[in-house]
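A.B. asks: Sequence:
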Amino acid sequence: MAHQMLRYAAGTDIGRRRRTNEDSAFAGPRLLAVADGMGGHPHGDVASRTAVTTVAGLPLAGDPAAALATGVAEVAARLDDLGRQDPALARMGTTLTAMAWDGHRFAVAHIGDSRAYLLRGPDLFQLTRDHTMVQTLVDGGKLTPEEAANHPRGSVLVRALQSGGSGEPDVFWQDALPGDRYLLCSDGVSGLVPADAIRAAMAEEARPADVIARLIGLANQAGGHDNSTCVVADVVPAGEAGDQRPVLVGAAAPGHAGTGRP
1 MAHQMLRYAA GTDIGRRRRT NEDSAFAGPR LLAVADGMGG HPHGDVASRT
51 AVTTVAGLPL AGDPAAALAT GVAEVAARLD DLGRQDPALA RMGTTLTAMA
101 WDGHRFAVAH IGDSRAYLLR GPDLFQLTRD HTMVQTLVDG GKLTPEEAAN
151 HPRGSVLVRA LQSGGSGEPD VFWQDALPGD RYLLCSDGVS GLVPADAIRA
201 AMAEEARPAD VIARLIGLAN QAGGHDNSTC VVADVVPAGE AGDQRPVLVG
251 AAAPGHAGTG RP
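Under the working numbering, residues 1 to 262 are what the sequence shown spells out, in order.
The hints are simulated quantities; they were obtained by calculation from the structure and are not laboratory data. Note that the structure is a prediction, hence the values are computed from the model and not measured. Every residue, glycine too, gets a C-beta built ideally from N, C-alpha and C. Just so you know, not all the hints are guaranteed correct.
Claimed, not checked - Listed next, with one range per pair, are the computed distances between beta-carbon atoms:
1. W173 / A222: 29 to 39 Å
2. R19 / F172: 28 to 38 Å
3. R19 / P237: 38 to 48 Å
4. R17 / R129: 24 to 34 Å
5. A61 / G223: 34 to 44 Å
6. R19 / D86: 15 to 25 Å
7. H3 / G62: 19 to 29 Å
8. A197 / D81: 33 to 43 Å
9. R17 / D86: 21 to 31 Å
10. E240 / D196: 27 to 37 Å
11. G62 / R19: 40 to 50 Å
12. E74 / R245: 16 to 26 Å
13. A77 / G217: 35 to 45 Å
Given only the sequences and the hints, what does the whole structure look like? Please build it.
C.D. replies: Now the structure itself:
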């Protein structure tokens with residue numbers, strides 16, 4: 001696949017019941033990333049901002065999979081340093097889902113319960129596996145997916161990036177085809193918007209920004225009890241990508257004030 005590029009957008013919303021946006025996201029020509037500061041822990045916005053700004057600064061010219069793995073380790077080290085310097089930051093943590101584009105395929109690094117999806121033709125695929133207690137029970141045959149969807153402890157993480165911890169990410173390659181559409185999102189979207197509605201939004205909206213607006217709108221209609229953040233990217237011929245600049249949203253945005261919209 002020659003001369004393919006990404007056409008992308010990123011957007012976030014604080015939600016109806018939150019005062020702070022603890023999500024961060026980045027979209028650029030070589031990297032897509034979403035991080036969700038852990039609910040119930042202090043300073044999740046600092047943790048997600050640290051994760052996204054760290055991976056956004058990675059050199060990706062060589063092996064992007066190795067670069068992402070190194071970047072995740074660097075995030076963990078930075079969170080540790082921040083926690084040692086300031087006891088108030090000692091328990092902060094974040095998810096991170098990042099995809100690095102090499103012009104032909106993506107390297108993916110994932111830890112936590114933010115998600116990456118692929119729409120290829122009419123079909124939606126979840127590319128990442130949630131690192132949650134409930135997903136572990138599903139994998140072990142102790143819960144059905146239907147039971148898991150409504151489990152009261154569905155968001156309890158078993159792996160994340162956290163100060164004082166050493167969470168290991170899943171790192172893998174994802175082949176890409178012209179016309180693919182990718183979505184990275186926090187669980188403020190995937191936890192409230194059913195998969196069929198995610199698929200419909202990705203299939204029916206023309207522009208990445210329109211997909212984001214629709215998904216965030218659906219999340220808010222479903223209660224909006226969490227921050228909702230999306231990055232959407234299309235694999236297109238180079239001439240169709242247009243003139244795009246990298247985008248930072250949420251807690252990582254310059255002058256962050258807790259809200260942001262596509």
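A.B. asks: Run every hint past the structure and note whether it holds.
C.D. replies: Evaluated hints:
1. W173 / A222: 29 to 39 Å: Given about 33 Å between the Cβ atoms, the range holds.
2. R19 / F172: 28 to 38 Å: Since R19 and F172 have Cβ atoms about 36 Å apart, the given range 28 to 38 Å holds.
3. R19 / P237: 38 to 48 Å: holds (43 Å)
4. R17 / R129: 24 to 34 Å: Given a distance of about 28 Å, which is inside 24 to 34 Å, the answer is holds.
5. A61 / G223: 34 to 44 Å: Between A61 and G223, where Cβ atoms are some 43 Å apart, the hint holds.
6. R19 / D86: 15 to 25 Å: holds (21 Å)
7. H3 / G62: 19 to 29 Å: holds (21 Å)
8. A197 / D81: 33 to 43 Å: holds (41 Å)
9. R17 / D86: 21 to 31 Å: holds (27 Å)
10. E240 / D196: 27 to 37 Å: Given a distance of about 28 Å, which is inside 27 to 37 Å, the answer is holds.
11. G62 / R19: 40 to 50 Å: holds (41 Å)
12. E74 / R245: 16 to 26 Å: holds (24 Å)
13. A77 / G217: 35 to 45 Å: This hint holds: roughly 38 Å between Cβ atoms.
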